[in-house]
Amino acid sequence: MSVRVRFAPSPTGEIHIGNIRTAIFNWLFARSQQGTFILRIEDTDRERSTEEFREIIFRELDWLGLDVDEGIGSGGSQGPYQQMERLEIYREYARILEEKGKAYPCFCSPKELEAEKDKARQEGRDSVYSGKCRDLSGEKRARAREQKTPEALRLMNDERGDVVFSDIIRGEISFGGSTLDDFVLMKSDGSPTYNFACAIDDYTMEISHVIRGEDHISNTPKQLLIYMALGWEPPEFAHLPLILDKERKRMKKRSHSSEVYISGYRHQGYLPEAMLNYLALLGWSDREGEEILSREELISGFSLDRIKHSGAIFDREKLDWMNGVYIRNLPLSELRSRALPFLQQEQVNVKGSALDYLLLALQEKVSTFKEMAEMASSYAGPLQYEDQEKARQVFGQEQVDQVFKYLQEQLGGLEEITPEEAGKVLKETGKNLGVKGRLVFPTVRWALTGKGSGPDLNHIIAFMGTEECVRRLEKALEWREGE
RNA sequence: GCCCCCAUCGUCUAGCGGACUAGGACACCGCCCUUUCACGGCGGCGGCAGGGGUUCAAAUCCCCUUGGGGGUGCCA
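Counting in my numbering, the first sequence runs from 340 upward without gaps.
Just to be clear, a hint being listed does not mean it is correct.
[As the list claims (entries may be wrong)] Capping the alpha-carbon separation at 27 Å, the derived lysine-lysine pairs in BS3-like fashion look like this: (1) K709 / K770; (2) K704 / K647; (3) K657 / K647; (4) K763 / K690; (5) K709 / K744; (6) K770 / K744; (7) K588 / K647; (8) K744 / K704; (9) K766 / K709; (10) K704 / K766; (11) K439 / K458; (12) K441 / K526; (13) K763 / K709; (14) K588 / K690; (15) K585 / K744; (16) K763 / K744; (17) K763 / K657.
Because the hints were derived from the structure by calculation, they are not lab data.
Predicted model, so just to flag it, every value in this text is computed and none were measured.
Put together the whole structure using the sequences plus the hints.
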């Protein structure tokens, strides 16, 4: 049987880390099995679903390079791939179930149901529906309909034994029959409930493996009951461990505002390949123990049986490290094109070889492009001593004026300079003047950048250009005098 | 309350009865490299939640306790 998996988000908010990790695992599984990756939009929550959020789903999948085989805009023969366009399908199966006596209309009001639940809870029982509408006479039903009482459809659940299934990741999981009630299939507004739509869709779309978050474990028996009622063979299930926040709570919308949404990471200049790599390692690990894995390596190494059972805390620091690794591995041309949008955002207008020298200098130092752009902006902007006291002290050392003047002479005669040449000049300065490196490198850095530490000085000089370097050295000397 | 899942360094993880004195990565701390910071290299710190079993042998299997998480909706 061919592998068909789906990612089924609801367009009710920005897509968050936990969601996208589920998408990644589905996608990796599909790609590793020559299977089909399907995108289904679960928009039956009419209150909260929006077009905008739907677009965001496409955008984020695209950003991460999770290409969809079937779905809106991707074609496929099992559509439509948006639940609100499948209403007729759900209604048809609802009708079939009702005809078979496996479902029945319920006229209970929300108030009634709540009272029932409270009572059950107080008595320490499972809060299950009493089934009071099960055996309404045809007469009573007719009367309720006449009065336009809102009408939902419930499953006639006659299963009394345990509902058991074998989870690919966790093994056998069973639920006591008494904890499952006659849950709602069709809401009174005519749309299906999550569990109903999910079961119908997974079956009709011929999904072979349902790979989703652990939070769905308790939905599984309900869906199995639906499969049973319809006489269908259920798919395989694999429940993924959850991604937790620092408080060990499930990462969910609004919990840590900017930290949870995938878009936040995109905006801060994390690379999609780093994000994919890092997220894949949350709950799964490579057989070889490798951590930096390309898209292809992730696919070829992926398998469901290497997925952990326990939740994983999202560790921003490790992500930063990994993103830094990816940035450092970028060839110059890539570095340039990836950094560009962030540089523009920080209004860094450096161009040509100067830009290249600057990027090369910064490449070794940053973990995100946002950070890179901010640093670039500070180096490209006007000179500012971060610590005036310290600067004065540095420039005030003996022989510093000789060093600066010598350098001005050396650089002044040149149009342009490469990092290599700059390095040579710097070295010769100390040698020819007979002064220690400590009097050259740190002092020049202070004069040129106004800071005590930073990226490779040779690249800074090349980036800044000889003219500007001479000017800044001059400024340092003046500044030193003009107390 | 009830149902379900889970449990190895601070964090991500390897481990699927003997090769474990428990391995790797991030973070942290030293040292080296170096003009600074970083990068890189070397080293260090640090963990099998507790208690019972099973077994010649348990991080690995079973049970209990504890702890954490998820669910408990006419949300998905």
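Hint by hint, here is what the structure shows:
1. K709 / K770: Between K709 and K770 the Cα gap is close to 39 Å, so the pair fails against 27 Å, i.e. violated.
2. K704 / K647: violated, 34 Å
3. K657 / K647: Holds, at roughly 19 Å.
4. K763 / K690: holds, 24 Å
5. K709 / K744: Measuring from Cα to Cα gives roughly 37 Å; hence the hint is violated.
6. K770 / K744: holds, 15 Å
7. K588 / K647: Status holds; Cα separation ~17 Å.
8. K744 / K704: With a Cα-Cα distance of about 30 Å, the restraint between K744 and K704 is violated, given a limit of 27 Å.
9. K766 / K709: violated, 33 Å
10. K704 / K766: holds, 23 Å
11. K439 / K458: violated, 32 Å
12. K441 / K526: OK: K441 and K526 at ~16 Å, within 27 Å.
13. K763 / K709: violated, 32 Å
14. K588 / K690: Violated - the C-alpha atoms of K690 and K588 are around 46 Å apart, more than 27 Å.
15. K585 / K744: violated, 54 Å
16. K763 / K744: With Cα atoms ~17 Å apart, K763 and K744 stay inside 27 Å; holds.
17. K763 / K657: Outside the cut-off at roughly 37 Å; violated.
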